[in-house]
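**Student:** Given the sequences, and given the hints that come with them, work out the whole structure.
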Amino acid sequence: AQTVTQSQPEMSVQEAETVTLSCTYDTSESDYYLFWYKQPPSRQMILVIRQEAYKQQNATENRFSVNFQKAAKSFSLKISDSQLGDAAMYFCAYRSAILQGAQKLVFGQGTRLTINP
Amino acid sequence: DGGITQSPKYLFRKEGQNVTLSCEQNLNHDAMYWYRQDPGQGLRLIYYSQIVNDFQKGDIAEGYSVSREKKESFPLTVTSAQKNPTAFYLCASSIPPLRELFFGEGSRLTVL
Numbered sequence: 001a002q003t004v005t006q007s008q009p010e011m012s013v014q015e016a017e018t019v020t021l022s023c024t025y026d027t028s029e030s031d032y033y034l035f036w037y038k039q040p041p042s043r044q045m046i047l048v049i050r051q052e053a054y055k056q057q058n059a060t061e062n063r064f065s066v067n068f069q070k071a072a073k074s075f076s077l078k079i080s081d082s083q084l085g086d087a088a089m090y091f092c093a094y095r096s097a098i099l100q101g102a103q104k105l106v107f108g109q110g111t112r113l114t115i116n117p
Numbered sequence: 001d002g003g004i005t006q007s008p009k010y011l012f013r014k015e016g017q018n019v020t021l022s023c024e025q026n027l028n029h030d031a032m033y034w035y036r037q038d039p040g041q042g043l044r045l046i047y048y049s050q051i052v053n054d055f056q057k058g059d060i061a062e063g064y065s066v067s068r069e070k071k072e073s074f075p076l077t078v079t080s081a082q083k084n085p086t087a088f089y090l091c092a093s094s095i096p097p098l099r100e101l102f103f104g105e106g107s108r109l110t111v112l
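In order, the protein sequences belong to chains Y and F. Just so we're aligned, residue 1 is where the first sequence starts under the numbering used here, counting upward by one. Just so we're aligned, residue 1 is where the second sequence starts under the numbering used here, counting upward by one.
Check each hint, because a few of them may be wrong.
What the hints assert, rightly or not - No farther apart than 20 Å at their CA atoms in a straight line, the calculated lysine to any residue pairs in the SDA-like style are these:
{"#": "1", "chain 1": "F", "residue 1": "Lys9", "chain 2": "Y", "residue 2": "Pro41"}
{"#": "2", "chain 1": "F", "residue 1": "Lys9", "chain 2": "Y", "residue 2": "Arg43"}
{"#": "3", "chain 1": "Y", "residue 1": "Lys55", "chain 2": "F", "residue 2": "Lys70"}
{"#": "4", "chain 1": "F", "residue 1": "Lys57", "chain 2": "Y", "residue 2": "Ser74"}
{"#": "5", "chain 1": "Y", "residue 1": "Lys55", "chain 2": "Y", "residue 2": "Pro40"}
{"#": "6", "chain 1": "Y", "residue 1": "Lys55", "chain 2": "F", "residue 2": "Glu100"}
{"#": "7", "chain 1": "F", "residue 1": "Lys57", "chain 2": "Y", "residue 2": "Lys55"}
{"#": "8", "chain 1": "F", "residue 1": "Lys57", "chain 2": "F", "residue 2": "Leu45"}
{"#": "9", "chain 1": "F", "residue 1": "Lys9", "chain 2": "Y", "residue 2": "Gln103"}
{"#": "10", "chain 1": "F", "residue 1": "Lys71", "chain 2": "Y", "residue 2": "Gln103"}
{"#": "11", "chain 1": "F", "residue 1": "Lys57", "chain 2": "Y", "residue 2": "Ile98"}
{"#": "12", "chain 1": "F", "residue 1": "Lys9", "chain 2": "Y", "residue 2": "Lys55"}
{"#": "13", "chain 1": "F", "residue 1": "Lys70", "chain 2": "Y", "residue 2": "Gln103"}
{"#": "14", "chain 1": "F", "residue 1": "Lys57", "chain 2": "Y", "residue 2": "Thr3"}
{"#": "15", "chain 1": "F", "residue 1": "Lys9", "chain 2": "Y", "residue 2": "Gln44"}
{"#": "16", "chain 1": "F", "residue 1": "Lys71", "chain 2": "F", "residue 2": "Ala31"}
{"#": "17", "chain 1": "F", "residue 1": "Lys9", "chain 2": "Y", "residue 2": "Ile98"}
Note that these hints are calculated values from the structure, not bench results.
**Tutor:** In structure tokens form, the structure reads like this:
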């Protein structure tokens, strides 16, 4: 079974600075999808960014970018120019591309990000 | 606006009682999911359904039951067999193949 590990329970960063959240995963599959979700205090989960494993180029969405290292099974999230609204729990998630396992996400434990003004 | 509606947002239950959490979506999504969230454990999959009248157990299905009689609805029943039901429950939906999960706002269940 696939597992996702986020080794940083909490992180903090000064407003306007850059922070990187770590995520590693364990899988024997070669094709899969990786996600970062944000859960603000309102508790509703929001997709931040998605990466297809077959793509070598790292995904970016405005101030959010990933560093996808397939051989190392690492998928970190970089947030540039941190803003107060970025404060939230961040979850890394994995999805198999194999048909049978394709219809569910496996989540990591989460990292709570605090933004200091 | 399309979305997922979970109700109630807060629910209190006495030990030994069954309780049903509602999840309704108007996104016309085929697949629906229930996740449980506990501090320090992330989200764990309880049940999921890819089509009406069909559903599969997730990683922690014991003590829970679901039904999928309509495409829009996927209620979760927390039975008295669930040993530690106090948690935050999230419902989600997607279009197969899963490229993104859309989540509701969650329901917090507290057992007194």
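**Student:** What's the verdict on F:Lys57 and Y:Thr3, does the C-alpha distance respect the 20 Å limit or exceed it?
**Tutor:** holds (18 Å)
**Student:** Mind checking the alpha carbons of F:Lys9 and Y:Gln103 for me, to see if they're no more than 20 Å apart?
**Tutor:** Violated - the C-alpha atoms of Y:Gln103 and F:Lys9 are around 26 Å apart, more than 20 Å.
**Student:** Taking only the CA atoms, is the gap from F:Lys70 to Y:Gln103 under or equal to 20 Å?
**Tutor:** holds (19 Å)
**Student:** For the pair supplied as a hint, F:Lys71 and Y:Gln103, confirm whether the alpha-carbon distance does not exceed 20 Å.
**Tutor:** holds (16 Å)
**Student:** Is it true that the CA of F:Lys57 sits at most 20 Å from the CA of Y:Ser74?
**Tutor:** violated (29 Å)
**Student:** CA of F:Lys9 to CA of Y:Gln44, is that 20 Å or under?
**Tutor:** Holds, at roughly 12 Å.
**Student:** Can you confirm whether the C-alpha distance between Y:Lys55 and Y:Pro40 stays at or below 20 Å?
**Tutor:** Not satisfied, since the Cα-Cα distance of roughly 29 Å exceeds 20 Å.
**Student:** Tell me if the straight-line CA distance from Y:Lys55 to F:Glu100 falls inside 20 Å.
**Tutor:** holds (17 Å)
**Student:** Are the Cα positions of F:Lys9 and Y:Arg43 separated by 20 Å at most?
**Tutor:** Roughly 11 Å between the alpha carbons, so the hint for F:Lys9 and Y:Arg43 holds.
**Student:** Need the status of pair F:Lys57, Y:Ile98: alpha-carbon distance at most 20 Å?
**Tutor:** holds (18 Å)
**Student:** Compare the distance between the alpha carbons of F:Lys9 and Y:Lys55 with 20 Å, and conclude whether the hinted pair is satisfied.
**Tutor:** violated (39 Å)
**Student:** Sort out whether F:Lys70 lies within 20 Å of Y:Lys55, counting only the CA atoms.
**Tutor:** violated (37 Å)
Checked against the numbered hints listed earlier, the structure breaks hints 3, 4, 5, 7, 9, 12 and 17; every other hint is satisfied.
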